[in-house]
Amino acid sequence: MYEFEQIAAALYLAAGVGALLGLVLPAPRMLAGARWGLALGAVFQAAAFATLHRLEPAPGLTDLAQAVSVTAWLGVLFGLALFSRIRLPGFVPVLGFAAFLAAFGATLSDPGEAIVGEGNGSIPHAHVLLASAGLAALGLAGLAGLFFLLEHRSLKRRRSVARRIQLPSLEALDRVNRVALALGFSLLTFGVVTGVLWNEARSGRVLAGGLHETWTVVAWLIYLGLVVLRFVGHQGARHAAASALAGFAFLVFAVVGIGIVS
Amino acid sequence: MKVVVFGMNHRTAPVEIRERFAVSETGTVLRKLVDRPEIAEAVLLSTCNRVELVVTTKSPDAVQHVLVDFFARELAGDALPTRASLREMTYLRQGREAVEHVFRVASSVDSMVVGEPQILGQVKDAYREAAEAGTCGAILSRLFQRAFATAKRVKNETGIAERPVSVARVAVLLAKQIFETLDSKSALLIGAGDMIEAALVALDDHGLGSRRVVNRTAAHAEALARRFGGTAHGLDELDLLLPETDVVLACVGGSGPILTRERVERSLWRREGRPLFLIDIGVPRNIDPGVHEIDSAFLYDLDDLQEVADSNEEERRREVRRAEQIIVEEREHFEGWLVALQAVPTIRDLSRRAEGIRRGEVDRFAGRLALDDPRRELLEQMTRSIVNKLLHAPISRLRDETDREAGLIRLEEARVLFGLDELPSAKDELASEPAMGDEEPESSS
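Keeping their order, the protein sequence lines are chains A and B.
For the working numbering, add 163 to where a residue sits in the first sequence, where the first one is 1.
For the working numbering, add 17 to where a residue sits in the second sequence, where the first one is 1.
These are computed hints drawn from the structure, not numbers from a lab.
Predicted, not measured: the structure shown is a model, and the values here were computed from it.
Please note that the accuracy of each hint is not assured.
Unchecked claim - Below, in silico cross-link-like pairs of lysine to aspartate or glutamate (DMTMM-like), each with a Cα-Cα straight-line distance of 25 Å or less:
hint, chain 1, residue 1, chain 2, residue 2
1, A, Lys319, B, Asp312
2, B, Lys169, B, Glu331
3, A, Lys319, B, Asp320
Based on the sequences and whatever the hints tell you, model everything.
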């Protein structure tokens, strides 16, 4: 139900604002509270997904706004899993605000606008879920990459200690980048495979030649190259961070942007 | 009762004067001080940057002379300065200013290095010693408890203690911005002098996985390695050790850099890009400045660390404004409590005075009118009722306005208007009129 999604959006917004204040003031308790806000928001968003089919008309999972909302939800879940192992204070406000925009956007969207048409069976749902999960994990890799570049730059400029907001350590950010890239690429691969299977079921062809398919496959090939460079080619941490950020920007354009532009 | 602070600190007196007044055994000194009739309670804070007496007194006008005299006689010892020079090097704060001063000191706003954490522990020790000596009563106990709470608020609500201001701590913070944890990291110490030891102590506080000491003189390296549970190596092993190292601390004599850019680049290749943090505290520098241009190498020399420390100190000073607001809020709370506390004896004295007058008049008229017991009881009831009704308004005002700033002034006015300070104390009355001791005046408060 949209009520649940709106509650989730409100909780995400509160978590984002709380985390930002917690970082700026700084107030560690506020930051810890923001993490709980994110977790509670994820619970309400899960309830919203579980009750979406009761809406009239029910939005499909392949609806763009709902897919973005699912991606944000999975991003929050991945983020919470990471927070339990690694200290990543700067991630909470970004995740909070991103999840707020996604959840709130889903409540305003027109259920008729689907990114791809519906098909038979569970393959479309598996495709959307896997691709969304891949996008969420690669988004976290990109975010870690962005923070890494900022932290690296300030350390090189020797201004890091004078900064008001402390970012996570370079080592932690590199670890997040590595884990999220491996996880995200695996999920994206499954997403692409299920997309191919869906295409084949609908049109009897592996690639339908649509913009979405073509650009996503190109994005997957780019990520394949990044994974090879990172895990086989011993790419340096700064280059890996920049690659993760650029790769995610391209992926977002390939999956979402191209549909909007065309 | 007024709070008074008298003392000297790093701003008013040089260290060679301050050290003459330093006290190690405060209990005896404090007991001597509270033996003086002008002083009710006392706490003595003696640190390397300040010697201060915090006292409560009923005669604030006379207290300066007493405290100057006490400082000169009891604290200065043999090296007695002249009273005039002592007055120049000391300060006296009373009432509101004194309360704020104590809060400022405990919160480290008044420290030489703003935000340094040691002062709160020293203030707590001073309070504990005074409590043990029995010289700390209700007012100073409350004052110091509020001072500790204020210090906690200042620490939590401002960034005053957030940024490190010592070179060693800046190095630790930088290491934490590069590495998730220092537990599993290995340090390579190039040199075995005092500077290396001091930096190692700071890093060691946050845990280090392993320590290897490299030095030209093997004996020095072995001595330092033994002290910190590490291993000693010769300078010729540097290339072997570098790829296994996460933190390099260098401070060794010599004309040119020991770690060149090429040498570090070679080792980083074998480290697979893992970051390397290098701290060069040697003069002349031991590490080629070009090393900092390598992607995963972060080189900070003594000037860099000092610059960061200085900018952090400046940042702390900017936080002082926020700390001052908290101090004013807490001072207002304390003043409210103090006024409320001081209202109780005034209200009691007022009731006692009124009751004395009433009883005297009843006795006088009952005898003159030759009243029997029931009629006397009626007279008692009537006069008691008049007194209570008359006193109700002033007592209510004194009680209800105790939380206002004007409360203290009003209490003073009440004491003067009703001549309450001319009353003999309850103790004196008991001593002089033992037969009437069992007839306590009724309190309408």
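* Violations among the numbered hints, reported as their numbers in ascending order -> The structure breaks none of the hints.
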